[in-house]
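Engineer: Chain by chain, the residues run as shown.
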Amino acid sequence: MVAMTAKELLQLGRDTVLVCAVLYLFTLDIMMAGGVKMDLNQGAVVVHDSDHSMASRELIYRFQPPYFKLSGEILNEKEGIRLLDQGEALVVLDIPPKFQHDLLQGKPTAVQVQVEASNTVLGTLAASYSAQIIGQYGFDAALQRMGLTGEGLETVPMLDDRHRVWYNPNQEDAWFMSISELLTVITILAMMLPAAAAVREKERGTIEQLLVSPLTPMQIMLSKVISMTLVILIGTAVSVGFVLYGFFEIPIKGSLPLFFLVTALYTFAMSGLGLFISTISRNLAQAAMLVIMIMMPIILLSGAWTPPEAMPDGIRQAMYLSPLYYYIEMAYGILLKGAGLAVLWDSLLGLTLLGSVMFMFGVGRFKRQFE
Amino acid sequence: MNINRIKTLALKEWREILRDRLFLSLAFVVPISMMLVFGYGIKMDVENIPFAILDQDRSAMSRDYLHLFIDSRYFDYQGDVANENEIDNLIAGSKIRFAIIVPPKFQETLLSGRPIAVQSLIDGTFPFRTSTSKGYVAAINNAFNTQLLTAYISQKMGVTAEQSAAFISPIKIQLRYLYNQEVKSIWSIAPAMMMFILLTTPPFLTALGVVREKESGSIYNIYSSTVTRGEFLMGKLFPYVVISCINVVILWLIAIFAFAAPFKGDPVFFFIASVIYVTCTTGIGLLVSLFSKTQVSAMMLTVVVTIVPAVLYSGLLVPIASMDAASQFEAHLFPAMYYTDIALGSFLKGIGMKQLWTRVAALLLYTIILWVISYNLFHKRVKA
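Residue numbers (my numbering), protein chains in the order written: chain A, 76 to 446; chain B, 58 to 441.
To be clear, the hints were calculated from the coordinates, so they are not data collected in a lab.
All C-beta atoms, glycine included, are put in the ideal place defined by N, C-alpha and C.
Among these hints, one or two may not hold up.
Below, a list of computed lysine to aspartate or glutamate pairs in the EDC-like style, where the Cα atoms sit at most 20 Å apart [what the hints assert, rightly or not]:
1. B:K241 - A:D160
2. B:K411 - A:E247
3. A:K328 - B:E70
4. B:K229 - A:E154
5. B:K213 - A:E154
6. B:K271 - B:D145
Partial chain B-side listing against chain A, Cβ under 7 Å, derived [said to hold, decoys possible]:
7. L79
8. S82
9. V87
10. V94
11. G150
12. K191
13. G192
14. Y193
15. L265
16. T351
17. V361
18. P366
Based on the provided sequences and hints, a complete structural model is requested.
Structural biologist: Here it is as structure tokens:
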């Protein structure tokens, strides 16, 4: 069996393109994913200022990075629509004439905010940040009129909103995105590599040779799974060491041995699915597409994109069927939160149970092929 | 170029695809199910966030304040805790996403007319959820502040509650969401998904189709035949472009009917642009297949060259205008960005050829370059 495992590794090592692709996925791909920012980042704001006063300028200058950047002034509304159409502006701010005058007089005035909402996530964020900025400005202006600034504020009953963000104090998207991408890469490879290794033997006809060899089906299969798990674990180690810790400087809080143990368990579980795929597909093209088909619900139900609590009831229960759900919980728990078995035991139990079922299922199907 | 030979080759390829029933059905099932799964599955709205409360004041006022959270549909109240350690454990185990701590003497301080700090502890594991939760907490705090100040000002200046309310928020905000007035996320996801699916699946099919011949050795029949390089490439890829064009129509119908997304643009323009786009992405598959010897590596390479630009450089998550100069440059090198503009423009903005012709021209240019490179890289003679 050791010989078989070595053979699998050798075969993989010979395919340079494949090795490069795997290496790429574990390093550069994760680095790039870490560059994605989910929060509003320098959304372009253009202003149509009909007042040109101190007050309007002060309001305009509150639209600052990181959320916004001012990208110029326009002279009429048509120009604003054109920029929104072209996607060159995210927000058009329209300040009415006599804005300062009304404000000083205590008369109500209105500011128009047009938001490009063809991307709803960014649209909503831009709208809520703009509303916050304008609301705060009005509030400050009112307090100023009352003569309540600086020291005076100490005498006003007000809540001071203080928040502490745990595990990721500066809310670096890279921390989340890079780990999320790593887990996705592991998921894809854990299914794809064993499936590919098994289907290739079928396609080339070398499986017949294996059949007449003294190896039992179990040995053939285990050697494939073990070699691919090894490859994935090495890739993961490279990724955690160089990309997560080295490049993004994520403070790894929990125990790394535990993380690798969990990863190995997860890889085994997923390889069960990979083997199952290899039994129902005749060639690699089919196997590849089946991998995608099976992967999508697994990722979707894992809570990686949509928080479990936002899912409708039926789907929320279905999430317990996605192995990635447990793995995500544990991976973030160990890497970012520094959680140990005391907190994560239920996820570990879930993954072990589900993983055993999946693995046995794959093994069962694979064995039957030989009979 | 001989049309007849191309036809024969295309027919042969078509038969081969038809015979592989699983491959054929997956060629359509994968894009459709991707569309449905992503369309119904991605919910960016953050609701029902589980949270806990640590009330160290236990006064009438703190209860009023905390009820603003408990009654909100964005939050899901999980109960009171006795101390901060409990909060630690709950957040570490993902049982709650944030906690509100009301300090002692909350009521006393506020009634005596002094400010007080209220702390919230937020789980930062998922930054998007974190900033959304933070926004909701800030909004509730603002609402409570407005109440407090309204009461304070009307008392101090002797005006009615309405007057003092108008006083503290003098600026009304007229918010208008353009192109998607009700901010339905599915409306913007559907066109973006078309971009994503049509970028990732056609190269997959093509690369696997071409490399299959390489791996099984049947490509030697082509090498030794009288078919020219150009004829082979055209004939080989034509069926895949056709499959992708059918997928364009199917996805478009799903977007319009299943997701009820509006289509304000010109269907003919959109269809022509889409055909150019899938021809372009098929070309990516062709190029990939020329580099790889085995189907596995073709698969991996396809994943690498399509998914990353589709996610990162398409404007799907990050608008191109917000990127730094280097990323903006990279975004312009991939076809995804141009098609995102075309799809969103045609669906939501109702703009057409007049505003989008530069994008179409870019795609066309991209396609031609890809095909020319592939043509030059594809040799009938195997290198020794």
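Engineer: Take the hints in turn and mark each one as holding or not.
Structural biologist: Results for each hint:
no.: 1; hint: B:K241 - A:D160; result: holds (19 Å)
no.: 2; hint: B:K411 - A:E247; result: violated (40 Å)
no.: 3; hint: A:K328 - B:E70; result: violated (54 Å)
no.: 4; hint: B:K229 - A:E154; result: violated (24 Å)
no.: 5; hint: B:K213 - A:E154; result: violated (46 Å)
no.: 6; hint: B:K271 - B:D145; result: violated (58 Å)
no.: 7; hint: L79; result: holds (5 Å)
no.: 8; hint: S82; result: violated (9 Å)
no.: 9; hint: V87; result: holds (5 Å)
no.: 10; hint: V94; result: holds (5 Å)
no.: 11; hint: G150; result: holds (5 Å)
no.: 12; hint: K191; result: holds (6 Å)
no.: 13; hint: G192; result: holds (6 Å)
no.: 14; hint: Y193; result: violated (9 Å)
no.: 15; hint: L265; result: holds (4 Å)
no.: 16; hint: T351; result: holds (6 Å)
no.: 17; hint: V361; result: holds (6 Å)
no.: 18; hint: P366; result: violated (9 Å)
Hint violations for this structure: numbers 2, 3, 4, 5, 6, 8, 14, 18, all remaining hints satisfied.
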